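The residues making up each chain are set out below.
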Amino acid sequence: MLRHILLSACFLLCTQILTYGQCCSAGNPSSFSFADINSLKAKTLFLSSSYKYGYSGKYYAGNEPEEVSFTAPASYSFIDLKAAYGITKRLTIQASSGYFFSKEQQNPEPYASDIGYGLGDAELNVRYQAYKSVIKHIEFTASAGIHLPVGVFDLEKDGVKLPITVQPSSGSFVYMGGFSVAKTFNKNKLKLFSSVFAEFPQLIDSKNFYYHYGNLYSLSFTAAYPVHKLFNPALQVQAEIREHATREDEQVVNASGYKVIILTPHIESGFGNNWSVSVYADLPIYRYFNGMQLANSYKFGIRLAKNLSF
Amino acid sequence: MYVPDKIKEKEILMRIAMKRLKHIRFSFIFLTLFSITLFISCNKDEEQPVDTGAIKILSLTATDTVLKAWIDTTSITVVATGNNLSYEWECNHGTLHGSGSQVQYMAGECCVGLNTVTCRVYNDTSSVSKDINIRITSYFEQ
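Going down the list, the protein sequences come from chains A and B.
Take the first sequence: its letters are residues 1 to 310, numbered as in our numbering.
Take the second sequence: its letters are residues 311 to 452, numbered as in our numbering.
No lab work stands behind these hints: they were computed from the structure.
As the structure is a computational prediction, the values presented were derived from the model and not from experiment.
Be aware that a few hints might be false.
Think about it this way: if two alpha-carbon atoms lie no more than 30 Å apart in a straight line, the pair counts; the simulated DSBU-like pairs of lysine-lysine are [claimed, not checked]: (1) B:K316 to A:K157; (2) A:K41 to B:K320; (3) A:K161 to A:K41; (4) A:K157 to B:K318; (5) B:K440 to A:K207; (6) A:K136 to A:K183; (7) B:K366 to A:K161; (8) B:K378 to A:K259; (9) A:K207 to B:K366; (10) B:K378 to A:K58; (11) B:K320 to A:K43; (12) A:K43 to B:K378; (13) B:K440 to A:K306; (14) B:K440 to A:K43; (15) A:K58 to A:K189; (16) B:K318 to A:K161; (17) B:K378 to A:K207; (18) A:K132 to A:K306; (19) A:K183 to A:K259; (20) A:K89 to B:K320; (21) A:K157 to B:K320; (22) B:K320 to A:K161; (23) B:K318 to A:K41.
Each pair of labels, with its calculated beta carbon distance range [what the hints assert, rightly or not]: (24) B:Q452 to A:S206: 34 to 44 Å; (25) A:S113 to B:S385: 18 to 28 Å; (26) A:V181 to B:D374: 54 to 64 Å; (27) A:P73 to B:F450: 19 to 29 Å; (28) B:S396 to A:S113: 20 to 30 Å; (29) B:S385 to A:V237: 22 to 32 Å; (30) A:F101 to B:D374: 17 to 27 Å; (31) B:I326 to A:A130: 28 to 38 Å.
We treat Cβ as the ideally placed atom computed from N, Cα and C, and that holds for glycine.
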């Protein structure tokens, strides 16, 4: 049962800590996929595949929706493959990659939408269980990871290169690090998690593109309470801050960076021989965007996972 | 029916071995798919022809070079000489629409600043590029 709670919360954290502003966003939707907060048992392999969909329909200036004279929503449809392996009881490694079925930015009339598709970036991370007390039912885990820009970054249509916002790859390395704590109460019934993570994107310096996304900082609290093998709910509150981006000559991009708070309900159901299926949805409860940016309206995801012990 | 302990033990060991084999096969398939994904994603840059002087860009012009974010668009036209010409367009910030010797350019609030649109004109033997700068001003500017 404890494993179920752990995996449930792991998935919750790894699937929805997403880049929230759509305008000028890039890369895989789950930039924090390394954020699974607990180490796996030794010689355990955790395989999963998730489908994610996100839609952004409204522009925000500050914390208010901005009425604009045009409509230009954006959306993405993405599937990933993820494998995590417990090398020892303290050390876990994880690798993932994915494919964009579509990454679409609609444009004001009469212009057609920009639609990107193809392989996204790869992500690698390690997690180390720094401390665990069976008596106090508490554990601390540190993690570090890297985002490898191996995805499609030169997609074009009729000889015209598509904007970076719809290219499947982020175009640069991204370093990530985090720390988390998990505490169990009430004879393993209630599990609380808290985690803090940071993402440090590197400069995109290609032939015709020079851009540096701002750092991302995230703090989350999660509560998981398994009712039944088929009904394992969890709820997460997450605060996320993205700093301003910079472009040529260190110019600050005013319409970049944000502060958001997101509420995420999540349900997992276990079945068969260590299989599970999970669903989640994001409900933004506070949004503040610098300048004017397209803000995420909703996101949801579904994941199929299998746990193997050797 | 009595089953000797050694046979029981062998059966158990066999079952464990089969289970492990099944897991290893499952993992192998998954990791192979993952590796293929990474391998395919490592694209090689295409070799492009160099400038041999066979193509000349006579002009690269825009109807407007200062645009308001999200509101304004500009038409950019290239005039070039040479045989069997093809055109490739790229910009560092913003969006291009169209194809051939004329495209439309626009940009959002996140692209405020001086942006560069690059046109490459090429054929089988030669290639030449030219840039034009377009300034994007804020949607909020009066």
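TODO: State the violated hints by number, sorted upward, taking the hints as numbered earlier in the document.
DONE: Checked against the structure, the hints that fail are numbers 1, 3, 4, 12, 13, 14, 15, 16, 21, 22, 29 and 30, while the rest are satisfied.
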